[in-house]
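Its first residue numbered 1, the sequence shown is counted upward by one per residue in full-length UniProt numbering.
Please keep in mind that the hints were generated in silico from the structure rather than gathered at the bench. Every residue, glycine too, gets a C-beta built ideally from N, C-alpha and C. Any given hint might turn out to be false.
[Stated by the list, open to error] Here are the simulated DSSO-like cross-link-like pairs (lysine-lysine), alpha carbons at most 27 Å apart as the crow flies: (1) K467 with K577; (2) K483 with K573; (3) K467 with K483.
[Unchecked claim] Estimated spans, in silico, between C-beta atoms of each pair: (4) P54 with A148: 44 to 52 Å; (5) V471 with L51: 43 to 51 Å; (6) R150 with H79: 24 to 32 Å.
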Amino acid sequence: MSNLGANPATGEVGGPGPRQAGPSPWDDAVLAAVLMTVDPVGTGGVCLRALPGPVRDQWLTVMRDLQPEGAPMRRIPLHVSDGRLLGGLDLAATLNAGRPVAERGLLVEADGGVLELAMAERIAPGTAARLNMAFDSGEVVLERDGLAMRTPSRFAVVALDEGVGEDEGLLNALLDRLAFHLELTYVRVHEAIACDYEVEEIVEARGRLADVTITEEQIESLCGIALALGIPSLRASIFACSAARAHAALEGRAEVTEEDLAVAGRLVLAPRATQLPPMEPPEEEPPPPEPEEQEDQDQNQSNEQQEPQELDDKILEATKAAIPAGLLAQLQMGKLRRSRSRATGKAGAVQNAPSRGRPAGVLRGEPRHGQRMNVVETLRAAAPWQRLRREERARAGRDSTRIEVRQDDFRITRFKHKSETTTIFVVDASGSSALHRLAEAKGAVELLLADCYVRRDKVALVAFRGKGAEVLLPPTRSLVRAKRSLAGLPGGGGTPLASGIDLGMAIADSVQRRGGTPVLIVMTDGRANVARDGSGGRARAGEEGLAAARLVRSLEITALVIDTSPRPQQQGKDLAKEMGAVYLPLPHADATSLNQAVRATTG
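Start from the sequences and build out the full structure, keeping to the hints where you can.
Structural data, given as structure tokens:
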């Protein structure tokens, strides 16, 4: 048996800054592959984040070589169909047999083995949901094409995450169901050596796994460490217990030891950490010594109380040692973003379309109004009824071997596409501090426009001051046009809040009518003093502003209210509440922070 993890890592591995002494990332990655093979169902699998290259290929070779003989391995392509994933009606066999014939899907074929998920960061949410359902239930439920069957399906998943940056990564729902999160980006080629474990050792460990026991105190220790590291999911603690039992079985032990718990904390809990454990309080002065006759009575009780605490400390230190120093620094600064959102490309809402976009299933119906008939699905719907229809034609004296397709068999293809997002700035240009607010708005608009080439969004700008509001920048992607419109933006005068919201809402409504997704950003202190007709009066102007805000909420327009007053005021909070918008007090915001807030709202 090999001694994986005995040599400390050298150099900067796993992130910026030196890494603490301990097992190297490659040793941990190989050990994770071994433990996943020992208990594939209990651990769920591995998320392997690395670009294609010799290091990833070497890890995949090690993982495949560790699989026992006869263990199935299947690869799921990125755009796998539901029929291939879950199974369904075998059209050719059904037409030949004259009765429904089912075919096995990839999830059923991989029962007891491993599924490799290619380009996992781009997996469709529907495919991920079907994988999660099979994970949770341990079976594939198929009810389609006239078939109703339940087939066992228990497997481990190796998700190959090729994402670059924090905005690309595996969906959180699927990532949470995989015990091991590996990062091989910083592993050098010469460090990726072969594995010394043999398949026979894996098979023996599988045989011992059912007899390995873990105590309640050890389970509480793992749960406490997960809580101290800020891990919200309970699956992390369950996976840590499974990993500890698998490591004990691999080492030939019938009970989980401190070493097994340390391995589980290092491989399962450390990659999920979102915070540093709280610092220990300073030691208080010891109390006066108790009488000698009480010391002997309390000795056993004190030892029992100290042992679990010492165990927790040891495992916690081993888990913290597995976190790179650069990651610890990010945790201390509070800048760690553990959840990776899929924000690439368009940020618009997904909408149905009759003839363009990506295919999103089929519907029963006739191909009218430009809709496309799905020939294959139509034949699938008609195939199970051919024997009955031939018998019906024979009784009527109309024998024929042709396939009969009826109106109820027609299937049309559904399409979905992401609409274009338009961010509409409604800026309060009144008052003595308008120059400062407008400068921040200009900077934010220019920063957003710089991202339009990637995000494919549009930006519009509405300013209200004096007695009314005006459109300074219609929806556009042109950076030159935006700078010209922003250069001569004046400030000063009253605050016609209702007029500004009405004009911004009109632009949003026109965007929605064209099939786009509007986002309304209102920058104001909420202190309206000019009504819609241009007359003064704070009470009337405030009521009209709140009425306009309620209309925005009724139209279900995504909105953000940025309070630009020197101190957060109740008027801004009330405006955001009536609008159903996110409230963000930014009295001293710069263009960068404002841009980040807008992107968080739109993304």
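Evaluated hints:
Taken as a hint, the K467 and K577 pair is honoured in the structure, with Cα atoms around 25 Å apart against an allowance of 27 Å. Proposed proximity of K483 and K573 is contradicted: the alpha carbons are some 31 Å apart, above 27 Å. For the hint pairing K467 with K483, the CA-to-CA distance comes to about 25 Å; that is within 27 Å, so the pair holds. Taking 44 to 52 Å as the suggested C-beta distance range, the pair P54 and A148 conforms, at roughly 47 Å.
The supplied range of 43 to 51 Å is met by V471 and L51, whose beta-carbon atoms lie about 46 Å from each other. Here the CB-CB span from R150 to H79 is close to 26 Å, well matched to the stated 24 to 32 Å.
The structure fails to meet hint 2 from the earlier list, while all remaining hints are met.
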